[in-house]
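Visitor: Sequence:
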Amino acid sequence: MNVLAQFRTAPNLLTLLRLFLVPFLVIEIFDGNWSGAFILFVAAGISDGLDGMLARRLGQRTTLGQYLDPIADKLLLSTLFLVVTHEGLVQRYVTVLVFSRDLGILLVCTLLYVTNTLRDFPPSMLGKVNTAVQIVTVILILVQQVWTRLPFQTPIDLLLRAISVIAPCSAVQYAWVVARRVQERAANGVAS
0 MNVLAQFRTA
10 PNLLTLLRLF
20 LVPFLVIEIF
30 DGNWSGAFIL
40 FVAAGISDGL
50 DGMLARRLGQ
60 RTTLGQYLDP
70 IADKLLLSTL
80 FLVVTHEGLV
90 QRYVTVLVFS
100 RDLGILLVCT
110 LLYVTNTLRD
120 FPPSMLGKVN
130 TAVQIVTVIL
140 ILVQQVWTRL
150 PFQTPIDLLL
160 RAISVIAPCS
170 AVQYAWVVAR
180 RVQERAANGV
190 AS
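Following numbering that gives the first Met the number 0, the numbering of the sequence shown begins with 0 at its first residue and continues without gaps.
Treat the hints with caution; some may be incorrect.
Derived EDC-like pairs (lysine to aspartate or glutamate); straight-line CA-CA distance at most 20 Å [to be verified]:
#1 K127 / D68
#2 K127 / D47
#3 K73 / D47
I should point out that these hints are in silico values taken from the structure, not numbers from a laboratory.
Construct all of the structure, not just a fragment, from the sequences and the given hints.
Guide: Structure below.
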């Protein structure tokens, strides 16, 4: 299937919708419309769950989708962390860790893909935990801004501390796994 045809699959259209929502989320937050931001984030989350389910059920797993989906996730979460940090709701060091990890992974994946060294980048369990903790944190931050009387600051602080440990650990684990896989392929003389 050519790239243009891959863009037209239902799962990839949902992923593109998620990418399309990112600037509108930023605008809603900068305008102080936390309810709108929360609704858009929930819509993005639903599209994330649906695109994977549709890809499996409709037999529409594509190479484009394998790359586009994690890029959309990372762009959504990294952008939201930057924006809520700008709004004074998250400490800068946490956002630097989140952004650095995601940027590093994207750069390494791109380099390995372009050099035809490695093209399969399955997420690790620690990476999935990292993403889940980030999503829950963003949800609680948005909910707290909508319903200011809810006592979410302590859970948010605990989750931010967890992210400050999990994100670098996940990055190190990812680097180790990728380095090992590249060495194994080189030893076997295999190009992906």
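Visitor: With reference to the structure, classify each hint as holding or not holding.
Guide: Outcome of the hint check:
1. For the suggested pair K127 and D68, the alpha carbons sit about 13 Å apart, so the restraint of at most 20 Å is met.
2. At most 20 Å may separate the alpha-carbon atoms for a hinted pair to count; K127 and D47 meet this at roughly 14 Å.
3. A C-alpha spacing of about 12 Å is found between K73 and D47, which places the hinted pair at or below 20 Å, so the restraint holds.
Taken one by one, the earlier hints all hold for this structure without exception.
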